[in-house]
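Participant: The residues making up each chain are set out below.
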Amino acid sequence: MTVTTPMTDLLTTPNIGTGVLEHRDRVDFGALRDARRARVLAEMKARGLDACFFGREANARYVSGVRRLWTAQTRPFAPGCLLVLETGEVELLSFSASYEDMPAEVGPDHFFPVTWNPMNMMDWFAKTPGVLDARRIGFDGLSPYFEGLLRPLLPDAEFVGVEDMMRELRRHKLPQEISCLRTAAALAESALYAAATEVRPGVSEQHLRAAFLERMCELGTSQFAQQGTFTVIDRGTPLRWTTSDRVLAAGDAVALAGGVLWAGYEGSLARTWWCGNGTGPSEAARAGFTRWRAVVDRVIEQCHIGATGADLHTAYRASGEPEPQMSIAYSVGLGHEGPLAGPGMSPALERAQAVDADMVLAVRAFVGGDDHGFFGEDMVLVTTDGPVPITTIGHGPLAS
Amino acid sequence: MSPGVLATAPTVDFARMRAERRARLREAMAANGLDALVLIGPSNQEYAGIRQPAADAMRMHYEAAVVIITSRPDEAPFVWTPFPEGVPDDVPPDHVHGPLLLEFPEGVDALARAIGDVAPGAVRIGFDEITTPMMGVLPGLLAGVDLGDATVATGAARIVKTPDEVACLRHSQHINEVAMYDVEAALRPGVRQNELSAIFLRGVFEQGASSSIIDPIWNITPLSVATGSFTANGDVGFPLASNDRFLREGDLILCDTGITWMGYHSDFGKTWICSVDPKPTAAQRECFTRWNEVIEAVYTTIKPGATCGDLVRAAAGVEPKHALRHFYLGHGCGCDSGEPPFIGSDLGIAYDDTVELVPGMVFVLEPVVWRDGIGGYRSEEIVVVTDSGFDTLTTYGYSPFG
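Those protein sequences? They're chains A and B, same order as listed.
For the working numbering, count along the first sequence from 1 and bump the result up by 2.
For the working numbering, count along the second sequence from 1 and bump the result up by 211.
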């Protein structure tokens with residue numbers, strides 16, 4: 003096949019996305035960004051913070067809506083986003099040097115190309131109006147290395163941790179954030195179902211993960227929230243988190259867990275699927291689901307205004323199931339917003355985790371023991387009328 | 212999937228690899244006067260032999276592990292983790308504990324107690340990250356302890372790779388390349404960026420990749436900077452975040468992807484043309500020819516004893532501007548995809564001259580030759596410094612330019 007059009011005659015400006023990503027206007031992202039930033043500025047004022055430096059992408063996204071190059075795992079701390087109280091202006095680091103990634107309200111003179119020389123970053127901070135005069139500055143994280151660079155620049159400023167402030171703000175969702183979370187959850191459900199339909203004898207665990215991620219991308223987003231867990235559950239053993247090349251056999255129960263990001267918001271869920279041999283699930287496998295349903299129903303029942311993480315943990319224990327290996331419930335929004343109940347948390351800390359209206363919680367449980375194990379996770383929205391499910395996809399053969 | 216090129220895992224002695232890495236860490240700790248390291252960053256933990264499931268950065272802060280390395284020779288790391296299966300067999304069970312929640316004050320109190328238990332008498336302790344509840348309180352909780360920077364030790368240890376690490380890097384790159392053959396075959400007008408990502412992610416995970424660590428980049432690159440989005444430095448806008456935009460006939464695509472295998476990162480970058488019959492123009496071929504001259508000049512310079520500054524001068528001798536202004540001629544590659552040494556970056560040539568090449572150093576060379584209005588050529592080549600020169604870990608070809 004030959005091409006007759008000379009390449010140089012072709013239009014060279016890239017087209018923007020046209021489909022399911024955040025360019026679509028189902029959500030007014032400009033209004034959402036303004037509302038989120040106003041909340042942060044109000045909280046900064048209340049806490050006497052003159053400026054905030056954000057190194058964590060979720061917080062940068064919350065205050066600016068920036069959609070920078072996505073990476074998994076945490077990078078070494080580097081403050082790539084600044085917010086100054088006096089001016090209300092956001093300053094952003096751009097990994098591509100391009101304005102294309104930037105939200106409209108961040109002017110072309112308020113972004114900075116990525117640098118490998120931290121002194122260039124210090125120069126950027128020094129030139130930003132309001133930074134050198136700041137008396138109290140918030141940081142969502144820090145490292146001894148960056149602290150050593152920033153101290154000479156800001157010798158008299160007080161450095162204050164603000165991840166807790168951002169966590170509290172992020173846990174309480176605006177209506178448009180809930181819309182984003184519903185979209186993310188729908189994408190995750192579709193991707194998970196693609197993996198579920200591949201569950202059959204002879205297929206490997208890593209094939210299921212590949213099917214999840216492939217479907218996620220086909221739906222329009224290539225950013226996962228978690229790479230997921232696609233593992234056979236062996237009787238009497240804890241859930242394995244690490245997907246392997248193990249091949250499924252007839253009669254296996256298979257944990258399927260994954261998460262997707264849409265406009266930065268996370269949709270995550272988990273199911274356990276029966277690997278059939280034409281005969282349907284065993285009684286032991288069905289019993290695993292029944293036990294899981296009972297414990298998760300008890301926990302979700304507690305997802306109401308006025309409850310705390312401690313109530314969720316009490317409900318879990320009351321089911322008679324052993325203590326969980328992972329957190330029972332966590333806040334979901336722009337990523338994971340901290341656990342409400344689970345291992346490593348004291349009763350006092352769990353009591354301090356309030357359940358409130360417009361929070362979105364991921365609730366999860368694993369049951370094992372002599373029955374076939376079952377792992378599942380769902381997202382619920384806390385409303386004045388009680389918990390409302392966000393993930394609604396079924397549980398397949400094990401629940402039938 | 213391309214038949215006949217399924218990735219076969221290499222033979223790596225993982226126990227030896229972990230032991231050698233920990234020995235390197237201890238050597239670097241001693242050189243920097245550190246009695247213990249408190250590691251929170253996942254890539255440093257990976258280097259210490261402790262793994263976590265990959266997740267978005269926004270998730271990992273709250274499902275995090277903590278690793279402490281003491282100065283006692285051959286002592287296994289101490290680990291607090293929600294994922295005990297990420298702890299290898301050479302760590303005894305009494306070193307492994309449930310998670311420490313460092314995003315809450317009680318978790319930081321518990322960390323301080325743990326440090327007292329496992330590193331009693333430590334005078335100077337290095338931390339790689341500080342969380343909000345740690346800020347301001349650590350000096351009080353660890354009275355008499357000098358708080359330092361762990362990355363002086365992790366950086367010094369990680370910059371030179373053992374043969375097992377190089378084998379891991381080679382295999383990681385191989386998995387990445389195998390998947391990219393399928394992507395390149397799908398590069399036709401009308402395909403969407405997210406469809407290419409689907410092919411890529413499916414491919415790498417079918418081949419046994421441990422994780423994907425960067426959103427696959429399919430940079431639709433205007434042939435002249437002025438016709439693209441405004442850039443802060445007047446250079447080519449790269450790497451732009453991918454979405455569901457579709458590719459058109461003749462689009463110049465700068466791709467860039469990366470995965471991990473057993474903690475080690477690949478790095479794949481090529482220049483492609485989206486077409487049913489991709490044919491670079493004569494002027495574009497000249498960019499590729501010049502790019503080859505740049506990479507050959509750099510290759511000729513790579514040997515133990517040379518400095519990163521020598522590599523930069525070699526490249527500049529052929530092409531004065533041989534890199535994007537916001538990047539570099541090259542960067543290290545290991546448990547992070549971008550790690551020291553940064554070669555020819557805005558750290559400056561004086562810095563480059565301080566970094567001497569030694570056998571086992573692995574870096575990615577990514578020169579760019581750009582002729583505004585015509586386009587350009589960029590490719591990434593991973594090399595490992597050997598006793599006599601260097602070896603390459605990248606094997607993928609240069610179609611449609613080569």
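If you're looking for bench data, these hints aren't it; they were derived computationally from the structure.
Remember, predicted model here, so these are calculated numbers, not experimental data.
Any given hint could turn out to be false.
[Unchecked claim] Stretch by stretch, here's where chain B covers chain A in the computed footprint (C-beta under 8 angstroms, at least three residues): (1) 48-60; (2) 126-137; (3) 162-171; (4) 238-244; (5) 295-308; (6) 324-336; (7) 379-391.
Beta carbons are placed, not taken as given, at the ideal position from N, Cα and C, and that holds for glycine.
Participant: Would you check chain B against the stretch 238-244 of chain A, counting CB to CB pairs closer than 8 angstroms, and say if three or more residues qualify?
Facilitator: As far as the stretch 238-244 of chain A goes, the hint holds, because 3 residues have Cβ atoms under 8 angstroms from chain B.
Participant: For the stretch 162-171 of chain A, do at least 3 residues have a Cβ located nearer than 8 angstroms to some Cβ of chain B?
Facilitator: Result for this restraint: holds, n = 6.
Participant: Using a Cβ cutoff of 8 angstroms, are there at least 3 residues of the stretch 379-391 of chain A near chain B, or does the coverage claim fail?
Facilitator: With 0 residues closer than 8 angstroms to chain B, the stretch 379-391 of chain A misses the three-residue bar; violated.
Participant: Can you take a look at whether the stretch 126-137 of chain A is actually covered by chain B? Rule is 3+ residues, C-beta closer than 8 angstroms.
Facilitator: violated (count 0)
Participant: So is the stretch 295-308 of chain A in contact with chain B by the C-beta rule, three or more residues under 8 angstroms, or is the coverage claim wrong?
Facilitator: Coverage by chain B is violated for the stretch 295-308 of chain A (0 residues, Cβ < 8 angstroms).
Participant: Taking a Cβ-Cβ distance under 8 angstroms as contact, does the stretch 48-60 of chain A have three or more residues in contact with chain B?
Facilitator: holds (count 3)
Participant: Can you confirm whether chain B covers the stretch 324-336 of chain A, using C-beta to C-beta distances below 8 angstroms and requiring at least three such residues?
Facilitator: Answer holds; 5 residues pass the 8 angstroms Cβ test.
The structure is inconsistent with the numbered hints 2, 5 and 7, although it conforms to all the rest.
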